[in-house]
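Chemist: First residue of the sequence shown? That's 1 in the UniProt record's numbering, and the numbers climb one at a time after it.
Note that these hints are calculated values from the structure, not bench results.
There may be inaccurate statements among the hints.
Stated by the list, open to error - Per label pair, the in silico range of CB-to-CB distance:
{"no.": "1", "residue 1": "Lys234", "residue 2": "His279", "range": "20 to 30 Å"}
{"no.": "2", "residue 1": "Arg644", "residue 2": "Thr195", "range": "56 to 66 Å"}
{"no.": "3", "residue 1": "Thr41", "residue 2": "Lys601", "range": "36 to 46 Å"}
{"no.": "4", "residue 1": "Thr11", "residue 2": "Tyr210", "range": "15 to 25 Å"}
Everything numeric in this text was worked out from a predicted model, so none of it was measured.
C-beta: ideal position from N, C-alpha, C; glycine also.
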Amino acid sequence: MPEITLLSQETIDKIAAGEVVERPSSVVKELVENAIDAKATAVTVEIKEGGISFIRITDNGCGIERAQVPLAFLRHSTSKIKSVEDLMSITSLGFRGEALSSIAAVSQVELITKTYGELTGTRYVIEGSKEKENEEIGAPEGTTFIVRNLFYNTPARRKFLKTAQTEGNYINDLMERLALSHPGVSFKFINNGQTKMHTSGNSREKDMIYHIYGRDITSGLLEIDHKNEYFHVKGFIGKPLISRGNRNFENYFINGRYIKSALLSKSIEEAYKGFLMQHQYPFCVLYFSMDTDLLDVNVHPTKMELRFSNNEAIYKTLFEIIRGALTHKDFIPEVPVQEEKIRKRENIKAPLPEPFERRGVEMVRSGGRFQPQDIQQGTGGQSGFAASKENEDVQTTIPMQSAAPQKESAPPENLSVFNSLLPKKETAVTEQSADRVSESNTYTVSKPVPQPIQADKTTASLPEETAAALPESKVTYEQQELAAVSEGFLTKDAKKKHKIIGQLFDTYWMVEYEDKLFIIDQHAAHEKVLYEKTMKKVREKTFSSQTLSPPIILTLSIEEIEMLEKYREQIDAFGYEIEPFGGKEYAVTAIPADFTGIDTKTMFLEMLDDFANINENDSPNAIMEKVASMSCKAAIKGNQHISRPEAERLIDELLELENPYNCPHGRPTIISMTKYEIEKKFKRIV
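Required output: the full structure, derived from the provided sequences and hints.
Modeler: In structure tokens, the structure reads:
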């Protein structure tokens with residue numbers, strides 16, 4: 001057995017530092033919290049190279065007395081508590097006395113501080129836990145920490161840091177949380193010489209939410225203010241329309257401390273059940289004031305986790321508060337109607353889709369089938385408009401959305417996602433007007449037809465080897481089994497004998513063929529069609545873009561901006577065009593042509609959320625496959641009624657695929673039952 005030895009103090013400090021200082025954002029967190037504990041009303045954080053090479057934090061707090069400066073860098077030295085009994089009534093953010101010693105153990109630290117009333121300040125330099133300088137200098141009141149070359153003496157730790165941009169984004173996200181937790185403090189964040197955030201410190205929580213998350217989210221908030229025997233909670237929760245595919249928009253602050261709590265998350269998410277789609281999470285900024293006897297913050301060195309003494313009561317009480325705030329509220333979204341002044345021109349022509357009814361008449365006259373040659377590839381007609389006769393208004397129908405809780409995914413605003421499924425025809429339109437709104441269970445809004453938008457053919461910037469390496473579709477055993485029994489059903493000759501019975505549960509289409517009943521899932525089928533179309537374009541390296549006029553403006557979070565920049569090449573290759581619009585806002589100026597008519601904003605935000613689940617070690621072609629699968633979000637949903645012509649076209653495109661049996665996620669698109677099985681169920685056959 002190896003000999004047992006006592007570790008040196010230097011080794012002990014470096015090991016202990018690993019618990020507190022994981023990355024540059026950990027340093028910023030500890031030092032900013034110290035500034036807040038020192039009663040600072042203004043804090044400036046400046047970093048370079050993601051905080052790896054340089055961090056400077058300046059505050060106007062009470063400062064540190066000259067004689068106590070060296071003591072502050074010793075392990076377990078703190079001004080926050082005096083005895084173990086004080087742990088039961090902690091109101092400060094820090095109390096363990098480990099932050100400064102841990103930071104000094106793995107970096108080069110310079111401290112400049114001056115207390116109120118002193119004539120001079122103190123400059124103190126410590127590197128790797130070893131004091132280098134201690135001198136008297138002139139300085140303003142408050143404290144400045146400069147941390148250089150983080151992990152300079154622990155290269156094993158340094159190599160696990162991410163890129164400077166990613167580390168900088170972590171610090172930016174942290175600064176936003178700190179600003180939310182203390183709206184009465186003015187925070188300024190500078191990254192590589194650029195001011196990224198500067199708050200006023202006016203103590204108004206909603207102003208802080210607007211500053212960080214933007215207008216769209218701030219306009220959709222519900223205020224919470226409730227006091228009970230366990231806690232006092234105030235703040236804001238988002239209406240169900242405001243949701244994300246991860247928990248990054250859930251913010252909880254207990255006694256001024258940002259924390260992560262599975263209990264609080266579960267309680268709030270359960271309260272939102274029935275209001276949000278599956279795998280969507282709410283927005284909330286909630287401030288809890290709680291008796292320190294009811295919680296324990298001394299759980300983890302980072303103090304990000306805590307324990308409650310009465311979990312069940314807190315869970316139930318918070319659930320009832322949030323549920324009550326959501327119940328009996330009017331969540332019907334307002335659809336703005338903008339009147340545009342356009343010049344009257346003779347014979348203004350716009351490539352618009354015909355209404356389903358007119359195409360249905362032509363379908364009957366042509367023998368009940370759509371002709372493939374009727375489909376015009378590459379047209380960029382604005383979806384959702386139906387061309388009328390000359391001198392008549394052009395109208396679009398905006399369906400009312402129910403305020404009732406949603407059990408399934410909400411349908412798109414219109415069915416124009418089927419632009420790729422239904423024939424289009426160029427129609428002459430002479431005049432438009434926007435002056436009538438009919439009263440019914442739907443709003444029919446007359447509005448002018450925008451100028452024709454052309455779908456420009458663009459060449460995807462995919463490497464030859466990436467496109468060539470994309471795998472072909474594979475057929476599983478179950479798929480082969482279905483193919484064996486339905487081979488005739490999938491042939492072109494068999495299509496003439498297909499008898500569409502109708503739509504079941506607004507989700508499934510039943511088709512009779514010979515002595516079998518085939519049931520097709522419209523959502524899974526459309527997913528498969530969109531996925532195969534996208535993968536084909538990946539292999540051919542060409543995509544069609546649909547220009548948006550006006551562009552869609554998005555306010556992105558730090559994580560979303562990081563995903564956008566990281567996968568910019570793949571996003572551009574699929575036909576998106578996105579430009580910075582100032583601050584955290586980005587303008588989407590073009591989208592893939594196949595996505596016309598869907599909720600572009602929601603889909604793009606969900607796609608950015610999905611990027612976070614991509615493995616960084618995946619090959620380029622594997623990443624392209626996963627991005628292609630995101631196109632499934634444009635598919636028609638279950639519980640959404642579609643017309644028979646739309647269903648026929650969808651079935652046609654599905655059956656043209658090499659592998660139509662499963663959607664990209666593995667769910668079956670088609671199942672079948674024989675006449676024998678049905679008659680056996682009815683006991684017609686013994």
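Chemist: Does each hint hold? Answer for all of them.
Modeler: Structure-based check of all given hints:
1. Under the hint 20 to 30 Å, the C-beta atoms of Lys234 and His279, about 29 Å apart, fit the expected range.
2. A hinted range of 56 to 66 Å for the beta carbons of Arg644 and Thr195 is consistent with their spacing of about 59 Å.
3. The hinted range of 36 to 46 Å is satisfied by Thr41 and Lys601, whose Cβ atoms lie roughly 38 Å apart.
4. Here the CB-CB span from Thr11 to Tyr210 is close to 48 Å, at odds with the stated 15 to 25 Å.
Consistency note: the structure conflicts with earlier hint 4 alone.
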